[in-house]
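Q: Each chain is listed here by its residues.
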Amino acid sequence: MIVETMLPLGRADSGLKQADGAVDITSVAGDAARVEALGFDGIAVQDNKDDPYVMSTLALQATARLRVATSVAIAFPRSPTVTAMTAWSLARLSGGRFVLGLGSQVKGHIERRFGGRWSAPAPWMRDYLRAVRDLWSAWQNGTPVNHASDHYTINLSVPIFTPAPLACGPIPIHLAAVNPAMCGVAGELADGLRVHPICSPHYLGRVILPAVRKGAARAGRVLENFEVAVKPLVATAADAEGLALKREEMRGRVAFYGSTPAYAAAFEAHEFGDLAQRLNQYSRAQRWAEMSALVPDDVLDEFVTIGLHDTIVEQLRARYQGLADSMEFSIPVTNEADAARLAAMVEDLRR
Amino acid sequence: MKVETLLPLGKVDPGLRAPEQALDIHRVGEDARLVESLGYDGLMVEDTKQDPFVVMALAATATTHLKLGTAVAIAFPRSPMVTAMTAWTLARLSRGRFTLGLGTQVKGHIERRFGMKWSAPGPWIREYVQALHAIWNSWQACTPLDFAGKHYRMNLSVPLFTPEPIEHPVIPIHLAAVNPYLCQVAGEVADGMRPHPVCTAHYIREVMLPAVRKGAHKAGRSLEGFAVSIKPLIATAPDAARLAVRVRDVRARVAFYASTPAYRACFEAHGLGALADELQGLSRAQRWEEMPDRISDEVLELYATVGTWDEIVPRLLARYRGLVTHAEFSIPVHDAVDAARLREMVEALHAE
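Just so you know, the sequences run in chain order A and B. In this text, residue positions in the first sequence follow our numbering: the first is 1, and each later residue adds one. In this text, residue positions in the second sequence follow our numbering: the first is 352, and each later residue adds one.
Hints were generated in silico from the structure; no laboratory data involved. Beta carbons: idealized from backbone N, C-alpha and C, even for Gly. Among these hints, one or two may not hold up.
Claimed, not checked - Chain A stretches covered by chain B per the calculated footprint, using a threshold of three residues with CB under 8 Å from any CB of chain B:
no., segment
1, 45-57
2, 111-120
To be verified - Listed below are the simulated PhoX-like cross-link pairs for lysine-lysine, each with C-alpha atoms no more than 25 Å apart in a straight line:
no., chain 1, residue 1, chain 2, residue 2
3, B, K468, B, K458
4, B, K468, A, K107
5, B, K418, A, K49
6, B, K468, B, K501
7, B, K501, B, K458
8, B, K501, B, K565
9, B, K362, B, K418
10, B, K501, B, K418
11, B, K501, A, K107
Claimed, not checked - Quick look at which bits of chain A chain B covers, simulated, 3 or more residues with Cβ under 8 Å:
no., segment
12, 90-102
13, 145-156
14, 161-175
Generate coordinates for the entire structure from the input sequences, incorporating the hints supplied.
A: Written out as C-alpha cells, the structure reads:
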C-alpha cells in the first residue's frame with residue numbers, strides 16, 4: 001500500500017466543518033520534510049483555505065523522494081490551460097513527483113462560491129481532462145495544440161507561452177468521484193481515482209470499481225496501473241477512553257455526510273437510504289445537534305474503521321486490501337514517541 | 352525610483368518571440384536570494400511558460416524582505432475566488448510582500464489559448480478587481496461574502512473554505528495597461544499600473560496618467576501611493592560593439608510592437624500612426640524581415656533607452672525620474688564583477 005498523509009499529521013477529515021488543525025502555510029516545508037523522514041510515500045493537499053498548488057510547491061521543494069498530490073484541486077474554476085501549466089511547472093520542479101488530483105465540486109460551489117456557470121459535471125470533466133492532456137502532449141512533442149470539445153476550443157500556440165518538454169514521465173491525473181458517472185470518466189481517462197471518505201469498502205467494491213471498469217472498457221483501456229486512492233474515515237487512539245471520543249466525533253461526521261444529497265448513493269448501497277433521507281430532513285430543519293444520535297453503531301461500523309493504535313493498521317489492511325492501492329493515514333504527532341509510533345504504523349501499512 | 356527585475360537577470364523583453372534565456376524553475380530560490388542581495392526592491396514574474404504563483408512561492412521562501420509580484424498574471428482564466436485565495440496564501444507566506452499584478456490578455460488568447468468566452472476587457476477587469484476586494488474583505492472581517500456583478504455573483508460562504516484573517520490583508524493590485532480605458536480602471540480600483548514596454552515616457556505622461564487621474568476622480572479616490580511600474584525597452588551592453596547587437600534586437604522589437612494593432616495608440620501619440628499602419632501591412636503580408644528597417648534611429652530613440660553600461664542609468668533617470676515609481680532593469684550576472692556592477696547600477700537608479 002502507498003501511504004499518504006494530509007498536513008498537519010493526524011488531521012481527520014472534517015466534512016464541511018472547520019478542520020481540526022488548519023494548515024499553516026509557513027510550516028508546510030518543515031512538515032513535509034518531517035513526513036518524508038517518517039517514511040510516508042506521499043502528501044495529499046486539499047483545495048480549501050490555501051492554494052493547493054502553492055502548498056504543493058512548498059512540499060515538493062522541501063523533499064527529495066516524496067510524492068505530492070492535490071487531493072483534490074477543483075478543476076472548473078481554472079481554465080484547463082492554467083491547470084495544465086501549473087501541473088507542468090510542478091512536475092518540472094520535482095522531477096515528476098507531482099500528481100494532479102482533480103475534482104468537480106458541486107453546483108452550489110461552482111456557481112455561488114466561484115461565480116461560474118454550472119454544467120453536467122461528468123461530460124464537462126471528460127472535456128477538461130482531454131484538454132489538459134492535449135495541451136501536455138502538444139508541449140511535450142512541440143506540436144501545435146488543437147483541442148475541440150463541447151466545453152473548450154483551444155487551438156492557439158504561441159512560442160513565448162509554450163513550455164519546454166519535461167524530462168520526467170507523464171503527469172498522473174487522479175479524479176475524485178463518488179457517483180458512477182464520474183467513476184466512469186476516471187476509468188476512461190484518468191490514472192487514478194480519489195475516493196471520497198464516505199465510500200465504504202462495500203460501496204467501493206460493489207459500485208465504484210465496476211463503474212471504473214465500465215468506463216475503461218468503453219474507452220478500450222486496460223487498467224493495469226490504475227491507482228485507487230482512499231481516505232478512510234478512521235477513529236483511532238492510544239487507549240479506550242480516547243477511542244470512545246474519536247468514535248463519537250466520527251458519528252457526527254457520518255451524520256453530516258448522510259444529510260448531504262450528493263452522497264446519498266453511498267448510503268443507498270447499504271440500504272441506509274431511509275436514514276440518509278431522515279438526516280437530510282434534520283439538516284434542513286437545522287436540527288444539527290440531534291443528527292448524531294440517528295446513526296446507530298452498525299451503520300457507523302460500515303463507514304468507519306475503529307480501533308486502538310495497536311490494531312488499526314491490521315484492521316485497515318483487512319478492509320482495504322485488494323480494493324485500494326494507496327491510503328491516507330496518520331495520527332497526531334506531538335512528541336518523539338508519537339513520531340516513532342507513526343513511523344512504525346506507516347512501515348507496517350506499506351508492507 | 353524603486354528597481355525591480357524579472358528572472359533570469361539580464362532578460363530582455365522578447366516581444367512575442369521566445370526569450371533567449373528561459374526562467375529555470377530549479378534556480379528560482381537561489382536567484383531570488385541573489386536579487387535580494389543586490390539591493391533590488393522587487394522580483395517580478397510573468398505568466399508565460401511557468402505558473403507565476405508557483406515561482407512566487409519559491410521566491411517567498413528564499414527571501415526575507417524582497418517584494419514579490421506578478422507582472423502580470425492573466426486574470427480571466429482563473430475565477431476571482433481562485434486568484435483571491437492564491438494571493439491570500441502568498442501574502443501569508445511572504446508576510447505581506449506580495450503584489451498581485453493582473454492583466455486581461457487579448458481576445459485571441461482568452462478564447463483560443465484558454466478556451467473561454469471573451470467580453471469587453473475594461474468592465475470585466477474592473478469587476479474582477481472589485482470581486483477580489485469583496486472576497487478579501489469578507490475573509491478579513493469574517494463576514495459572509497455577497498458580491499453581485501455582471502460577470503460574477505458570489506454569495507456562498509462555507510467555513511471549511513474560508514481562510515482565516517491574515518496579518519497583512521491589504522494586497523496591492525496592479526493592472527497591466529496600454530490603452531486609456533484600462534488606465535482609467537486602474538485609477539478607479541487598483542493600487543498601481545504596469546504600462547506595457549511600448550509605452551513611452553511621453554505616452555505615460557500625456558495619455559496614461561490623465562486617464563488614471565480621471566478614474567481616480569470618478570471613484571473619489573486619492574492617488575497617494577499609486578504605483579507606476581515600467582518595464583522599459585532597453586538596449587545596453589558593456590561596450591559599443593556589443594551594444595550594436597542589442598540595438599538591432601530592440602529595433603526589431605519596436606517594429607513588432609508597431610505592427611500590433613493593440614499598441615497603435617502608443618504610436619499615434621507620437622504622430623506615427625502611418626508608420627504603425629505600414630508595419631501592420633508588412634506583418635500581414637508576412638514580410639517580417641523588412642520590418643526593422645522601417646524603424647529609424649529617431650523612432651528607436653523614442654521607444655527604447657539605449658546606452659552602454661556607463662551611460663544607461665543616467666539616461667533612464669533622465670527619462671523616467673519623477674514620472675514612474677518603479678522600473679525593471681537588470682544586466683546578466685555571470686560572476687562577482689557583474690554582480691558588483693549591477694549592485695552599483697541598482698543603487699544609482701534609487702536616486703530620487
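Q: State for each hint whether it applies.
A: Comparing the hints with the structure gives:
Against chain B, the segment 45-57 of chain A contributes 8 residues with a C-beta closer than 8 Å to a partner C-beta. That satisfies the three-residue criterion, and the hint holds. Given a C-beta distance limit of less than 8 Å, the hint that chain B covers the segment 111-120 of chain A holds, as 6 residues qualify and 3 suffice. Restraint check for K468/B and K458/B: satisfied, since their Cα atoms lie roughly 9 Å apart, inside the 25 Å limit. The hinted pair formed by K468/B and K107/A meets the criterion: a straight-line CA distance of about 20 Å does not exceed 25 Å.
Pair hint K418/B plus K49/A holds up; C-alpha atoms about 23 Å apart against a cutoff of 25 Å. Among the hinted pairs, K468/B with K501/B is consistent with the structure: their alpha-carbon atoms are about 14 Å apart, no more than 25 Å. For the proposed pair K501/B and K458/B, the alpha carbon gap of about 19 Å is at most 25 Å, so the pair holds. Restraint check for K501/B and K565/B: the C-alpha separation of about 23 Å stays at or below 25 Å, so the hint holds.
Pair hint K362/B plus K418/B holds up; C-alpha atoms about 19 Å apart against a cutoff of 25 Å. For the suggested pair K501/B and K418/B, the alpha carbons sit about 33 Å apart, so the restraint of at most 25 Å is broken. Restraint check for K501/B and K107/A: the C-alpha separation of about 19 Å stays at or below 25 Å, so the hint holds. Coverage of a stretch by a chain is defined here by at least three residues with a beta carbon nearer than 8 Å to that chain's beta carbons; for the segment 90-102 of chain A and chain B the count is 3, and the condition holds.
Using a Cβ-Cβ cut-off of 8 Å, 7 residues of the segment 145-156 of chain A lie near chain B, which meets the minimum of three, so the contact claim holds. By the rule of at least three residues with a Cβ nearer than 8 Å to a Cβ of chain B, the coverage given for the segment 161-175 of chain A holds, with 4 such residues.
Checked against the numbered hints listed earlier, the structure breaks hint 10 alone; every other hint is satisfied.
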